[in-house]
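Participant: Required output: the full structure, derived from the provided sequences and hints.
Residue numbers (the numbering used here), protein chains in the order written: chain X, 1 to 311; chain R, 1 to 333; chain P, 1 to 305.
Just to be clear, a hint being listed does not mean it is correct.
If you want the footprint, here are the derived chain P segments under chain X, 3+ residues with CB under 8 Å [stated by the list, open to error]:
| id | stretch |
| --- | --- |
| 1 | 138 to 152 |
| 2 | 160 to 166 |
| 3 | 241 to 251 |
Across the chosen pairs, the derived CB separations fall in these ranges [as the list claims (entries may be wrong)]:
| id | chain 1 | residue 1 | chain 2 | residue 2 | range |
| --- | --- | --- | --- | --- | --- |
| 4 | R | Asp-174 | P | Ser-223 | 33 to 41 Å |
| 5 | P | Leu-141 | X | Pro-43 | 48 to 56 Å |
| 6 | R | Tyr-14 | P | Leu-141 | 18 to 26 Å |
| 7 | P | Val-136 | R | Asp-200 | 43 to 51 Å |
| 8 | P | Val-172 | X | Lys-210 | 51 to 59 Å |
Simulated from the structure, these hints should not be mistaken for lab results. Quick reminder that beta carbons are idealized off the backbone N, C-alpha and C, glycines included.
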Amino acid sequence: MVQYLLMKIFRALVTVTLIVSAAFVVLRLSGDPAIIILGPEAPPEAFEAFRRNWGLDQPIWVQYFKYFAAVFQGDLGNSMRDGRSALVVVGERIPLTLAITLPALFIKLAIGLPAGVMAALYRNTWVDRLIMMLSVAGFTVPSFVLGLVLAMIFAVWLGWLPSGGSDTWAHAVLPTVTMGLVGAAVIARFTRSAMLEVLGQPYIRTASAKGLLWRDVVRSHALPNAAIPTLTIIGFLVGSLVAGAVVVESVFSWPGVGRLLVNAVANRDLAVVQVILLLVGLTMVGANLAVDILYGIVDPRLRIKRLQAGS
Amino acid sequence: MSALLQVKDLKRHYEVHIPEGLFGRKASLKAVDGVSFAIEKGRTLGLVGESGCGKSTTAKLVLGLIPATAGTVEFAGTRVTARHDAQWRAMRRRMQMIYQDPLGALDRRLPVITQIAEPFEIHHPEMPAAERTERSALLMESVGLRPDMAMRYPHELSGGQRQRVVIARALALDPDLLVCDEPVSALDVSIQAQVLNLLDDLRERTGFAALFISHDLKVVRQMSDQVAVMYLGRIVESGLPEEVFRHPQHPYTKALVSAIPTPARRGKRERIVLEGDPPSPVDVPSGCSFHTRCPIAQASCRTVAPQLIESGGHAVACHLVNAGAAPAVQAAE
Amino acid sequence: MTIDTTPGLEPASPAHASGSVFTSKSRVGAFFEAWPPLVLIALFWIGLIAVVVVGAKWIAPYDFMALDLRARLIPPVFMGGSWLHPLGTDELGRDVLSRLIVSIRISMVIAFLSTLIAAIVGVSLGFLAAYFRGRVEQVILMLIDAQAAMPFMIIALAVLAFLGSSLFLFTVLMGFYGWERIARISRGLAISANERGYATAVRDLGATPFRIYSRHILPNIASTLIVSLTLNFPEVILLESGLSFLGLGVQPPMTSLGNMVGYGRDYIQSAPWIMLAPSAAIVVTTLSISILGDWMRDKFDPTLD
Numbered sequence: 001m002v003q004y005l006l007m008k009i010f011r012a013l014v015t016v017t018l019i020v021s022a023a024f025v026v027l028r029l030s031g032d033p034a035i036i037i038l039g040p041e042a043p044p045e046a047f048e049a050f051r052r053n054w055g056l057d058q059p060i061w062v063q064y065f066k067y068f069a070a071v072f073q074g075d076l077g078n079s080m081r082d083g084r085s086a087l088v089v090v091g092e093r094i095p096l097t098l099a100i101t102l103p104a105l106f107i108k109l110a111i112g113l114p115a116g117v118m119a120a121l122y123r124n125t126w127v128d129r130l131i132m133m134l135s136v137a138g139f140t141v142p143s144f145v146l147g148l149v150l151a152m153i154f155a156v157w158l159g160w161l162p163s164g165g166s167d168t169w170a171h172a173v174l175p176t177v178t179m180g181l182v183g184a185a186v187i188a189r190f191t192r193s194a195m196l197e198v199l200g201q202p203y204i205r206t207a208s209a210k211g212l213l214w215r216d217v218v219r220s221h222a223l224p225n226a227a228i229p230t231l232t233i234i235g236f237l238v239g240s241l242v243a244g245a246v247v248v249e250s251v252f253s254w255p256g257v258g259r260l261l262v263n264a265v266a267n268r269d270l271a272v273v274q275v276i277l278l279l280v281g282l283t284m285v286g287a288n289l290a291v292d293i294l295y296g297i298v299d300p301r302l303r304i305k306r307l308q309a310g311s
Numbered sequence: 001m002s003a004l005l006q007v008k009d010l011k012r013h014y015e016v017h018i019p020e021g022l023f024g025r026k027a028s029l030k031a032v033d034g035v036s037f038a039i040e041k042g043r044t045l046g047l048v049g050e051s052g053c054g055k056s057t058t059a060k061l062v063l064g065l066i067p068a069t070a071g072t073v074e075f076a077g078t079r080v081t082a083r084h085d086a087q088w089r090a091m092r093r094r095m096q097m098i099y100q101d102p103l104g105a106l107d108r109r110l111p112v113i114t115q116i117a118e119p120f121e122i123h124h125p126e127m128p129a130a131e132r133t134e135r136s137a138l139l140m141e142s143v144g145l146r147p148d149m150a151m152r153y154p155h156e157l158s159g160g161q162r163q164r165v166v167i168a169r170a171l172a173l174d175p176d177l178l179v180c181d182e183p184v185s186a187l188d189v190s191i192q193a194q195v196l197n198l199l200d201d202l203r204e205r206t207g208f209a210a211l212f213i214s215h216d217l218k219v220v221r222q223m224s225d226q227v228a229v230m231y232l233g234r235i236v237e238s239g240l241p242e243e244v245f246r247h248p249q250h251p252y253t254k255a256l257v258s259a260i261p262t263p264a265r266r267g268k269r270e271r272i273v274l275e276g277d278p279p280s281p282v283d284v285p286s287g288c289s290f291h292t293r294c295p296i297a298q299a300s301c302r303t304v305a306p307q308l309i310e311s312g313g314h315a316v317a318c319h320l321v322n323a324g325a326a327p328a329v330q331a332a333e
Numbered sequence: 001m002t003i004d005t006t007p008g009l010e011p012a013s014p015a016h017a018s019g020s021v022f023t024s025k026s027r028v029g030a031f032f033e034a035w036p037p038l039v040l041i042a043l044f045w046i047g048l049i050a051v052v053v054v055g056a057k058w059i060a061p062y063d064f065m066a067l068d069l070r071a072r073l074i075p076p077v078f079m080g081g082s083w084l085h086p087l088g089t090d091e092l093g094r095d096v097l098s099r100l101i102v103s104i105r106i107s108m109v110i111a112f113l114s115t116l117i118a119a120i121v122g123v124s125l126g127f128l129a130a131y132f133r134g135r136v137e138q139v140i141l142m143l144i145d146a147q148a149a150m151p152f153m154i155i156a157l158a159v160l161a162f163l164g165s166s167l168f169l170f171t172v173l174m175g176f177y178g179w180e181r182i183a184r185i186s187r188g189l190a191i192s193a194n195e196r197g198y199a200t201a202v203r204d205l206g207a208t209p210f211r212i213y214s215r216h217i218l219p220n221i222a223s224t225l226i227v228s229l230t231l232n233f234p235e236v237i238l239l240e241s242g243l244s245f246l247g248l249g250v251q252p253p254m255t256s257l258g259n260m261v262g263y264g265r266d267y268i269q270s271a272p273w274i275m276l277a278p279s280a281a282i283v284v285t286t287l288s289i290s291i292l293g294d295w296m297r298d299k300f301d302p303t304l305d
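Facilitator: Here it is in structure tokens:
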């Protein structure tokens, strides 16, 4: 178990290193930041000062190691636009993003899991077809279209909810629902196929042949086994909370991390983009690690495999 | 005159991990463990043995498809290595293989004539397309395939016809050596004889040398000028087919020969039934590897591995035979 | 009706009549079994889109950039407009239908080229991993894992931030969407092809690795690859339109579907058609291609053969 954990943590660290290095490489590839920020007409002394300030006059590998050291000390530079620490700029937006993404995650699970299980249990009936149709629609309708249509109905025509901003809790309803519905479609589809896979296994037939009530077979045999692959996709969704919020926050002018990212990209505020990139990378890696650890606890097959391989 | 193919002390061991005890242990699986033989130009050596005795591994080693752990293979004076470089590829022109499963060896998305023509495309890219087609058609004819089958796909042919396609492709470039790995064991019995006759026929006409591998003694006897019997990665007896099968010396060969159902000899010879399965090649018994199943094993057989000793063209690896039926107990040290 | 079960019998005339009705019915049934109506509709729409993409120049009634300030915000024909502008006009009096046609063309061309890039990158890396195994394979697998672990939207935004946006760069960037899935599939299929014997047999004939992979393995796994590329295609459309909607993808004066939605959202109250027309085009197109892809996957499932 310890060996398994250590290996997973090691891989997570490798991934983080890769992400940081990729950020550095892309940063260096993107041309001279001095020209981008100051503009080509700036006086030469200003360039000199800028380069010295950002350490751009040193050899590339020195810059690389300094970059790494800085990242691990939490020094990620200042926003190139408003001069404040990029970490602070991003940090103050995080609660706002969580305020809509966490309830959205709840909606995804509350709708997606039961819908997927139902579709699998009533395979090839109208229940299954209806759920799958909605799920395919959820896959193919882009979130900005869904968001705008919801805004048109509930804000423009019915006037029940505001269409943009973040002043009251009512402003959070539409972005939350939009994200929740799109994500529910993804979860429903994965849960369904995980359930179908499990229901086709011989041990399910054995369990029902033993004379167990079907209800009990599903509850004590099918659901726990289907939970394992479903965990992976939930882990991915948790890790990509910020990514999922990018478009929806922009649609509803919700001032979270996603919208900050879009603005930073449009303004080429590289320090802020970089912080968000690392933030997303770390959440992804963290979520994956959590899923791996949960796997180890939930899946008895993994436990046995570990015993065989590691003992 | 030196032999076309010279194999010396060929070994192929696999590292395997055995889940045993706390950490498991590493062991080596001795698929082929010291095999030597030679094939003269135009002659055929038959290799027999139970499945798992290392016949197919020997075939792959001879062609350089997999690297050997030790020992050498020389083909027409050149070392055969398993480095798949340009030289190795060029050597394929002279050594070819026929597989047990013809359907698996053919690309199911190409018509058979294209596949028969492929060796020309690979080794003679300068050959005009018309000549390629013409020669492929001739090849089809010579292996007994009708011209209207040219554009068919492998799954549209019968097992025997597919094997004919594989044979035609292997013979396209007139190889000097053909390795046949169980070429008929996947076919119906009625078809087997036809394909064997075809191979025999082609051998007479084109004069290739062959390494013919089978678990079927009758098939090997029909095809070979020389036979070798393998047990657990080693050759235990070799010689002329008539000699080996009429007067088997090694107890293992005796058991194999006695198992051939021959109605004419019923009652004349007692059938020797071997007890147990062959031991795993991971745990090869010490001494003579056959002693665990040998009906006449002596104490010395457990400790000393017998050498393959030739006398009058017939070689046997057995203490009892080589000591003139007298148990070689003294040799135990 | 039991007579139908014995077709070998000499048909008596009434039985023959009912038999022929029965077979013609089953023929229709068989047709729709092989081509479900939903798939036919999807194919029809994809065909229409293909025509629009190829013939955009001739089909579009107006120049997509032509302004007509006297004809601003005219509603489409079914909302009280006129046939002069079937889908209405936008805030600058530009014809929405013409803009839609050009947008479809640009979005589809980007999605097509991107999918092509993803296919080339994915298949090459997948084959390299399958051929070399060992360390090269480990590196490629690590790249695949890293790519799969990051939401592509974030990567795309970061690259756009660092490198800025041009149509060429944007298309190449979209081309990196989904390569890891294709690479994973190609690697798996190539490894199993190598184990199946035909590839080994051709190698034993003396074929070069290039010949083995291009002439034998690629055609053998093509159907599976085409299915997965078909399923990749709508996702690229969604990604492209999402980024263009955010104003970070296709830049004006060029237009794309997401781009149109992005500009149309400002008129969601007064002129919702500007936004709805491209939205509908995105949804119906991605839906059609997904339906086609799912159907193809069920039909040519490689695990079935």
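Participant: Would you mind marking each hint as holding or not holding in the structure?
Facilitator: Here's how the hints hold up against the structure:
1. Residues of the stretch 138 to 152 of chain P lying with their CB closer than 8 Å to a CB of chain X number 6, which satisfies the three-residue condition for coverage.
2. Closer than 8 Å: that is the beta-carbon criterion, and the stretch 160 to 166 of chain P has 5 residues meeting it against chain X, so the requirement of 3 holds.
3. Coverage of the stretch 241 to 251 of chain P by chain X holds. Counting CB-CB distances below 8 Å, 6 residues qualify, and the rule asks for three or more.
4. In this structure the supplied range 33 to 41 Å holds for Asp-174 of chain R paired with Ser-223 of chain P, their Cβ-Cβ distance being about 37 Å.
5. At roughly 50 Å, the beta carbons of Leu-141 of chain P and Pro-43 of chain X sit within the given window of 48 to 56 Å.
6. Here the CB-CB span from Tyr-14 of chain R to Leu-141 of chain P is close to 24 Å, well matched to the stated 18 to 26 Å.
7. Roughly 46 Å separates the CB atoms of Val-136 of chain P and Asp-200 of chain R, a value that falls within the hinted 43 to 51 Å.
8. At roughly 58 Å, the beta carbons of Val-172 of chain P and Lys-210 of chain X sit within the given window of 51 to 59 Å.
The structure agrees with every numbered hint stated previously.
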